[in-house]
Amino acid sequence: AQSVSQHNHHVILSEAASLELGCNYSYGGTVNLFWYVQYPGQHLQLLLKYFSGDPLVKGIKGFEAEFIKSKFSFNLRKPSVQWSDTAEYFCAVMGTDKLIFGTGTRLQVFP
Amino acid sequence: DGGITQSPKYLFRKEGQNVTLSCEQNLNHDAMYWYRQDPGQGLRLIYYSQIVNDFQKGDIAEGYSVSREKKESFPLTVTSAQKNPTAFYLCASSRQSSYNSPLHFGNGTRLTVT
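Those sequence lines, one after another, are chains W and B. Per our numbering, numbering of the first sequence is gapless, rising by one per residue and ending at 111. Per our numbering, numbering of the second sequence is gapless, rising by one per residue and ending at 114.
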């Protein structure tokens, strides 16, 4: 059965700090991986996605993620966070016909 | 503007009552989904539908029911059989239920059952 694990439940950073949020998935077939973000009071929106090709994918607002097949990982990174990045971040894997989400990571960025 | 509309934003019900949450989309998407979001548990799939008049159970379908009579609409009924109905419910849609169609989400309905 496919599953997604996000190890960091709550991350607190100061502005300009670097960010890396962990995501590991469990699925035997070809995977498609996503990161979604939910800003306070807003709906979930797509941050970036990986289907194939270059394992380093770039998304909106300076975020990127690296797909490492051997580690079953798809970690999210940003070199320098801003206060406006405060949000909840969800990693997700699309296996057969449905999208499975991780438990989410709440990121708080202080100025 | 195209999008997904969930209504109402907040819903309060007494225990033992069934309640229906509305989800409408004007994106011409084929697939629609219902997720439940609880603190520390992420989003869990309740039901999904890939085409009109067809739907499948997700991971936590017990106590819920859905219908898909129109492409645009995918209402979710929370029945009295659902043991812990108080939660935040999210509806989503995608162009097709396939590997590379990202989901578009509504703003959610927060249901409180007392």
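Read the hints as simulated data drawn from the structure, not as lab findings. Even glycine gets a Cβ: it sits at the ideal position worked out from N, Cα and C. One or more hints might be untrue.
Quick look at which bits of chain B chain W covers, simulated, 3 or more residues with Cβ under 8 Å [unchecked claim]:
| no. | segment |
| --- | --- |
| 1 | 33 to 42 |
| 2 | 63 to 75 |
| 3 | 102 to 109 |
Cut-off 20 Å, straight-line C-alpha distance, at most; resulting in silico cross-link-like pairs (EDC-like, lysine to aspartate or glutamate) [said to hold, decoys possible]:
| no. | chain 1 | residue 1 | chain 2 | residue 2 |
| --- | --- | --- | --- | --- |
| 4 | B | K57 | B | D30 |
| 5 | W | K58 | W | E88 |
| 6 | W | K78 | B | D59 |
| 7 | B | K71 | B | D38 |
| 8 | B | K57 | B | E69 |
| 9 | W | K49 | W | D97 |
| 10 | W | K69 | W | E15 |
| 11 | W | K61 | B | D30 |
| 12 | W | K69 | W | D54 |
| 13 | B | K71 | W | D97 |
| 14 | B | K70 | B | D38 |
| 15 | W | K58 | W | D97 |
| 16 | B | K57 | W | E20 |
| 17 | W | K69 | B | E62 |
| 18 | W | K71 | W | D85 |
| 19 | W | K98 | B | D59 |
| 20 | W | K98 | B | E15 |
Here is what the structure says about each hint:
{"no.": "1", "hint": "33 to 42", "in the structure": "holds (count 5)"}
{"no.": "2", "hint": "63 to 75", "in the structure": "violated (count 0)"}
{"no.": "3", "hint": "102 to 109", "in the structure": "holds (count 6)"}
{"no.": "4", "hint": "B/K57 - B/D30", "in the structure": "holds (17 Å)"}
{"no.": "5", "hint": "W/K58 - W/E88", "in the structure": "holds (19 Å)"}
{"no.": "6", "hint": "W/K78 - B/D59", "in the structure": "violated (32 Å)"}
{"no.": "7", "hint": "B/K71 - B/D38", "in the structure": "violated (28 Å)"}
{"no.": "8", "hint": "B/K57 - B/E69", "in the structure": "holds (16 Å)"}
{"no.": "9", "hint": "W/K49 - W/D97", "in the structure": "holds (16 Å)"}
{"no.": "10", "hint": "W/K69 - W/E15", "in the structure": "violated (31 Å)"}
{"no.": "11", "hint": "W/K61 - B/D30", "in the structure": "violated (29 Å)"}
{"no.": "12", "hint": "W/K69 - W/D54", "in the structure": "holds (12 Å)"}
{"no.": "13", "hint": "B/K71 - W/D97", "in the structure": "holds (18 Å)"}
{"no.": "14", "hint": "B/K70 - B/D38", "in the structure": "violated (29 Å)"}
{"no.": "15", "hint": "W/K58 - W/D97", "in the structure": "violated (25 Å)"}
{"no.": "16", "hint": "B/K57 - W/E20", "in the structure": "violated (34 Å)"}
{"no.": "17", "hint": "W/K69 - B/E62", "in the structure": "violated (34 Å)"}
{"no.": "18", "hint": "W/K71 - W/D85", "in the structure": "violated (27 Å)"}
{"no.": "19", "hint": "W/K98 - B/D59", "in the structure": "holds (10 Å)"}
{"no.": "20", "hint": "W/K98 - B/E15", "in the structure": "violated (31 Å)"}
Violation of the numbered hints given earlier is confined to hints 2, 6, 7, 10, 11, 14, 15, 16, 17, 18 and 20; the remaining hints are satisfied by the structure.
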